[in-house]
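There are 4 protein chains.
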Amino acid sequence: MNSALQQMVRDCQSWTDKGKVADYIPELSKANPSQLGVSITQLDGTEFYAGNSRDLFTIQSISKVSNFLLALEDKGYEALKHQIGVLPTIRGFNSILELDIENEHKPLNPFINAGAMVTLTFIKGKNNDEKFSRVINFMSQMMGEELSINEAVYQSERETGNRNRALAYYMKSTGILTEDVESLLDLYFKICSVQVHCGHISRFAAVLANQGRDLNNEMSLIKPYHCRVAKAIMANCGMYDASGEFAVKVGLPAKSGVGGGIMAIASGKMGIGVMGPALDTRGNSMGGWQLLERISDHYQLSIY
Amino acid sequence: MNSALQQMVRDCQSWTDKGKVADYIPELSKANPSQLGVSITQLDGTEFYAGNSRDLFTIQSISKVSNFLLALEDKGYEALKHQIGVLPTIRGFNSILELDIENEHKPLNPFINAGAMVTLTFIKGKNNDEKFSRVINFMSQMMGEELSINEAVYQSERETGNRNRALAYYMKSTGILTEDVESLLDLYFKICSVQVHCGHISRFAAVLANQGRDLNNEMSLIKPYHCRVAKAIMANCGMYDASGEFAVKVGLPAKSGVGGGIMAIASGKMGIGVMGPALDTRGNSMGGWQLLERISDHYQLSIY
Amino acid sequence: MNSALQQMVRDCQSWTDKGKVADYIPELSKANPSQLGVSITQLDGTEFYAGNSRDLFTIQSISKVSNFLLALEDKGYEALKHQIGVLPTIRGFNSILELDIENEHKPLNPFINAGAMVTLTFIKGKNNDEKFSRVINFMSQMMGEELSINEAVYQSERETGNRNRALAYYMKSTGILTEDVESLLDLYFKICSVQVHCGHISRFAAVLANQGRDLNNEMSLIKPYHCRVAKAIMANCGMYDASGEFAVKVGLPAKSGVGGGIMAIASGKMGIGVMGPALDTRGNSMGGWQLLERISDHYQLSIY
Amino acid sequence: MNSALQQMVRDCQSWTDKGKVADYIPELSKANPSQLGVSITQLDGTEFYAGNSRDLFTIQSISKVSNFLLALEDKGYEALKHQIGVLPTIRGFNSILELDIENEHKPLNPFINAGAMVTLTFIKGKNNDEKFSRVINFMSQMMGEELSINEAVYQSERETGNRNRALAYYMKSTGILTEDVESLLDLYFKICSVQVHCGHISRFAAVLANQGRDLNNEMSLIKPYHCRVAKAIMANCGMYDASGEFAVKVGLPAKSGVGGGIMAIASGKMGIGVMGPALDTRGNSMGGWQLLERISDHYQLSIY
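Protein chains in written order, with our numbering: chain F, 1087 to 1390; chain W, 1087 to 1390; chain Y, 1087 to 1390; chain L, 1087 to 1390.
These are calculated hints, taken from the structure and not from any lab test. Incorrect hints may appear among the rest.
Given that identical chains are not distinguished, each listed pair holds provided it fits within a single copy or across any two copies.
[Claimed, not checked] Below, simulated DSSO-like cross-link-like pairs (lysine-lysine); rule was C-alpha separation at most 30 Å, straight line:
no., residue 1, residue 2
1, Lys1258, Lys1192
2, Lys1355, Lys1335
3, Lys1167, Lys1104
4, Lys1335, Lys1210
5, Lys1104, Lys1192
6, Lys1309, Lys1106
7, Lys1104, Lys1161
8, Lys1116, Lys1355
9, Lys1192, Lys1309
10, Lys1116, Lys1212
11, Lys1192, Lys1161
Being a predicted model, the structure only gives us computed values, none of them experimental.
Modelling step: build the complete structure from the supplied sequences, incorporating the hints.
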C-alpha cells in the first residue's frame, strides 16, 4: 500500500501549483505550498503513508470535529441541537450572513466558525483553561500522541481574527453566547493552532471509522451514535461550500482545514489523513482533494 | 420481514396526525392524510411491504431523480454540471431567491424546481411529447410496470403552478432557459403527475442500490457513476432543507415528494419506498420519515 | 432662458458618449445615443427648450408616475398603501429579490416594476382595454397633447419581457395579483410604449409643480395631497438605486425611464423634462442627469 | 405660536401610550414614556416651545448628523463618499446584513451605525480624546449651549454595545476600519450619550435651515453645500426604514434617535426639535412623529 500511495502523491504533486496558501492569517502564509502528504490508518492501527506525512501543520477547522464530539459526549446531541443546526452552508466558511438570516440566529452547523464557537460552550470545564486541557487531551487520545500548539500561529490568529471577533460579538448581542467573548475567542484560536501531521489525522479518522472504538483494545472512546452524527454532518458540511461536489467525486465524510489538512472516513474500513497547504478558492487543499479522489476510486470507498 | 414492517407501520401511524396534506395544488389536498405504506425491494427483486403500499400517489419531486438519471445517461455529468450545481439548499423547495443570488444564476442542484426544469432540457427528444414518452418509459422500466399520469393532478398543477411559471420565466430572462416556457412547464407538470405506489418506488431504489443493474438479469440500465452522482446529491439535497437532519437520523440517500412519497437507497442492500401524504412543514412525509428511521435503525442501514 | 439651455446642452453633450442605450429590449437599442434635449415649463405654461426637445422616445418608467397618480385619484392613498410600500430600493430596477424578501411580499414602492404592476390593478376600468384608454387619456391631458404608442417597442417588450413575466407570475403565486397575468402584462407593456418628447414631460412636471392645478385655468386636475405623495416617493425612489446620489447632486423629486427621459419637479417654480438615451449603469440618462445638475444649480432649485 | 404648540402637544399626548421606550441599553429603559416636548427656532433665533421642551435626553443617532457635518467640513464630500454611500436603508438601524451584502462593503450611508463609525474616522484630531472635544464643541456651538454627557448611559452603552462591537470588528476585518476598535467604539458611545433638550435640537436644525449661517450674526458656520448634502441624506435615510413614509406624511429632512428626539429642518423657515421617549417599532418617537405631522400641516412645510 505504501508504494501505491507514493505513486498517488507523485501523480497529484502538480496540483499543488494550482492552489494558494491561506494568507488571512499572516503566519499561515509562511507554509510551503508544494508540500503534499498522506496517511491511511487501518482499523487494526496499521498505518501506511507517503509524501510529507510527518510534516506538521495546524489543525484549524478539523478541530471542529473533535470539539463537536467532545461536546456531544459531555452534553448529548439533544442538548446541542437546540443551539446549533445541521444545515449545510452554501457560502464561505465564516460568513456573517449565514448567522444573520438563517435559522433564527442559530448557527447553521457545528462546522462553520459561528457554530464551532457555540460548540465550545458545551464542553465541560470550570474555565477556558480547563476546557483547553480537556480538548487537547481528547485530541491527543484520538490521535495517539501528545499534541501541542504552534505559538506563532496562535498569536497571529489572536491578533488578526477580527472576523471571528465580529461573529462572536454578534452572537453575544443576540444572546446565543453569554460567555466572555475575548476568553472564548482565545480558546478557539488556541485549539485551531494545535499542530498535527497526517498520521494523527488518519488515526483519528480510523477511530471514527471504527464507530468510536479504540484501535488497540476496542474499548469505546466515543458513543457510536455520536460518531454517526458527526459523520453525517461532515458528509453534508465538511468541505465548506464544496461539500456537494466532494460527495460526487470522493463520496466520504470529511473535514478540511485552512492549514491544508483533510480528514476522511471510510467507515468499517480505514481513516485517511492528507495534507497540502495550497488551497483552492473554497479553502480546501487542492492536492489533498486530488489524493482523496484517487484513494476513493482505487479502494472503492464511496458510500454512494 | 413483512410482519416487522407491519409493526413499524402500526408504530408510526400516529405521526400521520401531526402532518398536513399539501394544499398548494388544490387536487393534492384531496389526499387521505392517514395513509401510510412501505415497500422494501431486495436486490434479487423480492419485495416486502405493509400498510397502504399499493395505494397510488403522484410521484412529484421523486421524478427529479429519474429525470436527472435520464439526462445523465443522455448527455453525461460533465455537460450537466455547467448548467446545474451540486450545492445543497437551505431554503424552501421552490425559492426564487436560491436561483437569484447563488451560484451566478445556475440553479443550485437538480432536485430543486429550477434545477429540475433545466434538467429536462438535457433529455433527448425532438419535442416535449417525445421527451415525455422517453421519461415515462424510463420510469416504467425502473419501476417494473407501465405507469400513467393522474389527469386531475396534472390539470391542477398547470392551472395553479404560478411559482414554477415565475421560476421558468426568470430563467428564460437570464438566458438559462432558451426553450418555450409554457411547453417546458407542461412537460414538467405532466411528469410530476405520474402515479406510483410504494412498490414502484422501492423497486427503482433497489436498481440504484444495485448500482444501476437490472434486478432480474443484472444487465446495466444506468452507469454506476451516474448512480453514484445521483445518490451523492440525494444525500445532500434530497429532503429539502431537512437533508442534514435526515442524514443524522436516517443516514440514507433519499428523495421525497409532496405527494407523500420518499425513496431511500441502501446501496448493496435494498431499496425502500414509503408513502404518507401528511407532510411536515418542510414538505416531507411525516409518517414516511418515521418509518425510515425505524427501518434504518432496525437493519443498521446508515451509511455514516 | 432658451440660450442658457442651449449652452447647457452643449456643455453636457460629451456625457452622452459615456453611456449606453438600453438593450434588454431589442427595439430600444436602436435609439440614437448622442441625442440630448431639455424642456422647462413654467407654471403659466410658458415653455423653454433646447437640443432634441421634440424628438420622440418611449415613456417607459416615467409612466409609473402617471399610473400611480391615476390610481390615487381612483382609489386614494389609504387603499394603495396596504398593497404597495413606500420603501426605497437599493437594488436594480427589476429585482425579484426585492419582492421576495422585503416587506412581506408587498412590492417596495410603486416605482419598481412589481409595484407598478400592482398599481395598475387599482386603476378603474371594466377591462384592461378600458384601463388603457383611461391611462393614455390622463397622460395626454397632463402633457397637453394626444399621445400614441410606439408599436414596434410595444411588440418588442411583449416578446422579451420575461423578467416582468416572472415578477407577475410570482406575485400571482403569492396572491398579491389575482388578475390574468398576460393581460396585465400587455397593459403594462403598452403603457410603457407611449411616445413622448421633452415638452410633454416638462408640462406634466409643471402640473405637479403647480400642486395638480391646470396651467391654463388653475382648475384642480389632481388632488394636492396626491401630488405630494407622488413627489415624496419620487424623491426617495425615482432614480432607481441612484436616488440618494441624485438627491445630493440635484435635489429634486424626479423619475427616469430607460427610454432616456427624466422628469423633474421644482414645486412652485417649474417642471423639467430631459431626454438622452445613453444610460448609466443604473438605468438613468447620463446626459439628462448632467443637464439636471446644471439647471438645479443655475436656478437654485434644490429642495434641501 | 406657543399656544398652538401647546395644543398640539395635548393632541398628541395619547400617542405616547402606544410606543415603547428603547430597552436595548438598560439605562435608556429608565426614560419616562409619557414625556413629550417640542421647540421651534426661527432663523432669527427666536424660539417657541411647549411640553417637556427643557427635559434632557441623550442625543443618540441625531449626533450622526453633527458628526457627518464636522467630517464634511474637515475632509470634504468627495473624500467621504468613497468610504460611505448615500444609499437608503430598508432594514433595521444596525443590521450586519446591510454592511455585508450591499455596496461592496462600503456602509450604505452615514446615518446607519456602520456608516457613523466610519464617519468618525474622518474627523480631525490626533487621538479620540481630541476628536471628542472637537465633536462636543461643534455640537455646543450649533446648539447654543455647553453640552455634557450622561455618564450612566455612556457606561451602559459601553457594556452592552455588542452589536456595534460586531459591526466594528467586521469592518476592521474587511479593512474599512484600520483604527483600534475599542477606542473608536468608546468615542462613538460617548458622543451618543451627549445630553440635549428640544431647544438644542431646534437651534441646530435652524442653523441648517439657514444654510449653515449663525442665527445671530449670519457668519458661515457650515458650508451651504455640506448642509445640502446632509439634508438630502436625512430626507432619504434619516428616519430608519420609515423614511419613505415620513416623506409622505411630514415631508421634511429629519433625523431621529432612540433617545426619543427628532430633528427636522424646514429650509429658509425654521428648525424643529421634538422629544418623546416612547418609540414605534422602527425606532422613531411616536409622539414626536405625530407632532411633526401636525406642525408640517399647520405651517405648510412639506418640501414636496
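Comparing the hints with the structure gives:
no.: 1; hint: Lys1258 x Lys1192; in the structure: both (12 Å within a copy, 24 Å between copies)
no.: 2; hint: Lys1355 x Lys1335; in the structure: both (19 Å within a copy, 22 Å between copies)
no.: 3; hint: Lys1167 x Lys1104; in the structure: between (38 Å within a copy, 21 Å between copies)
no.: 4; hint: Lys1335 x Lys1210; in the structure: between (38 Å within a copy, 25 Å between copies)
no.: 5; hint: Lys1104 x Lys1192; in the structure: between (36 Å within a copy, 25 Å between copies)
no.: 6; hint: Lys1309 x Lys1106; in the structure: neither (38 Å within a copy, 36 Å between copies)
no.: 7; hint: Lys1104 x Lys1161; in the structure: between (42 Å within a copy, 29 Å between copies)
no.: 8; hint: Lys1116 x Lys1355; in the structure: neither (35 Å within a copy, 49 Å between copies)
no.: 9; hint: Lys1192 x Lys1309; in the structure: within (25 Å within a copy, 41 Å between copies)
no.: 10; hint: Lys1116 x Lys1212; in the structure: neither (36 Å within a copy, 36 Å between copies)
no.: 11; hint: Lys1192 x Lys1161; in the structure: within (18 Å within a copy, 41 Å between copies)
Hints 6, 8 and 10 from the earlier list are contradicted by this structure; the remaining hints agree with it.
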